[in-house]
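Heads up: the sequence lines are chains A and B, in that order.
For the first sequence, position 176 (counting from the first letter as 1) is numbered 198 according to the numbering used here, and the numbering increases by one without interruption.
For the second sequence, position 4 (counting from the first letter as 1) is numbered 800 according to the numbering used here, and the numbering increases by one without interruption.
Don't take each hint at face value.
Partial chain A-side listing against chain B, Cβ under 7 angstroms, derived [stated by the list, open to error]:
1) Val-48
2) Ile-142
3) Ile-172
Derived by calculation from the structure, the hints in this document are not laboratory data.
Computed from a predicted model, the values in this text were never measured in an experiment.
Backbone N, C-alpha and C define an ideal beta-carbon position, used for all residues, glycine too.
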Amino acid sequence: MLFVNKNLKLLSFLAFLLVLAAFAMVLFYAPIELNMGIVQKVFYFHVSAAWIGMLAFLVAAVCGILYLNKKQLKYDFIAFSAVEIGLLFTAIANFSGMIWAKPIWNTWWTWDPRLTTMTIMAFTYIGYLLLRRGVDNPEKRARFGSVYAIIGFASVPLTFFSSRLLRTIHPTIFGADTGDMAMIPAMYQTMAVSIIAFTVLFAALLWHRSLLAARESELEILRAQTEVLEFGEVLDD
Amino acid sequence: MKDWLHSVRTLVWKDLLQEWRSKDMLTAMFAFAILTLFIFNYAIELSPVNRAEIASGIIWVVIVFAGTLGLNRSFIAEQDQGCFDALVMAVPDVSAIYFGKMLTNWLVMLFVSVLILPIYSLLYNQSLFNAGFILVLVLGAWCYSAAGTLIAGMTVQTRMRDLLLPILLFPILMPVNMAVVKAAGGILAGAPLMDVQAWLVFLAAYGIIVTTVSIMVFEYVIRE
């Protein structure tokens, strides 16, 4: 199952190096944007964090489907860990976005589709964590978590689409005919390295957190067993 | 398929009859809806000028809040009496349970809307009896009960129960809220149905997607 090995250590070290490299590139390699100035540099980590937020929730939904099909708790450990990490990165994306928005849009917050979608997504997954806390039986907890991760993930694109039907002022960098921000190669390279670094970091964190989740589950079972020894019965649920 | 339809019909009939005999939930939902309306009246100054634009939002919030009360109750009887297993055994497929409960919740929500609309029209001297507006409410209530029934089936089995339902449900329903308020607001402001067509299509799409996903996963919510 899940265990610590050489690969995990290697991956953690690689993540460390890559994040360091990305950080150095943002500081020294990427140029200062003409109109926005130094604050534009928050953008590299902002986009990377937002990407990890979404990737994490995709992982949770996929692991939810896998769990419901195979009933192996390891998928639940991964899904739960992904949600926790995803929430952290969504928060990073939101707050770094605010730091950028204050000087550029002259407001910390605006009701823009991407901002609202990210925040509603975060609330969906806060709900996920609360739901899990409300269930004591590990098997039922895994089942409910999987179901909610799937339905939650289905609603994320719908939220985005519906708020897109209203208008957006968020800059579109990729996949737009006219970019709001003209990017030169040095910026693209920094962006790419940041995204790769964050993805590797995510993989390493996910692995560590899933291991921890597995340990927690073992501890839970041990506790239940001692209760049986002490009191002779276990209360269901 | 015939069995399945029969089970759904029986389930809906059972729930509605149970509700009709006690009228606990309907009374509570109705009173709650009226009280929420009064809160809005004093919280937001409803002058005749802005009333038309805000009406759609207020009506929807009132219905959603009252609907949440109803959703919370929708599995309580089975949970408290321990009849979940019996229910699962009684139907050809568990999706029938989901469908039956969803239809019941939908009907109850529509029933509350039917009570609220004339009262609002009376209190504010603004007729809400507009085919387009009612269509939006019907679609919105469907989306609402589609997602709500699935989540209520889970929350009723947790420790926090009714506390948890809105926390889990509202983020998932956010697109529905946006679509309903936009579409209904447009219609009340006098826009033709064509103008809000995109929102109506969106609501229908949401309903279909969520109902389909729910049917697929409901089995895991209810079966041990």
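Hint check results:
no.	hint	in the structure
1	Val-48	violated (32 angstroms)
2	Ile-142	holds (5 angstroms)
3	Ile-172	holds (6 angstroms)
In terms of the numbered hints stated before, the structure departs from hint 1 and from no other.
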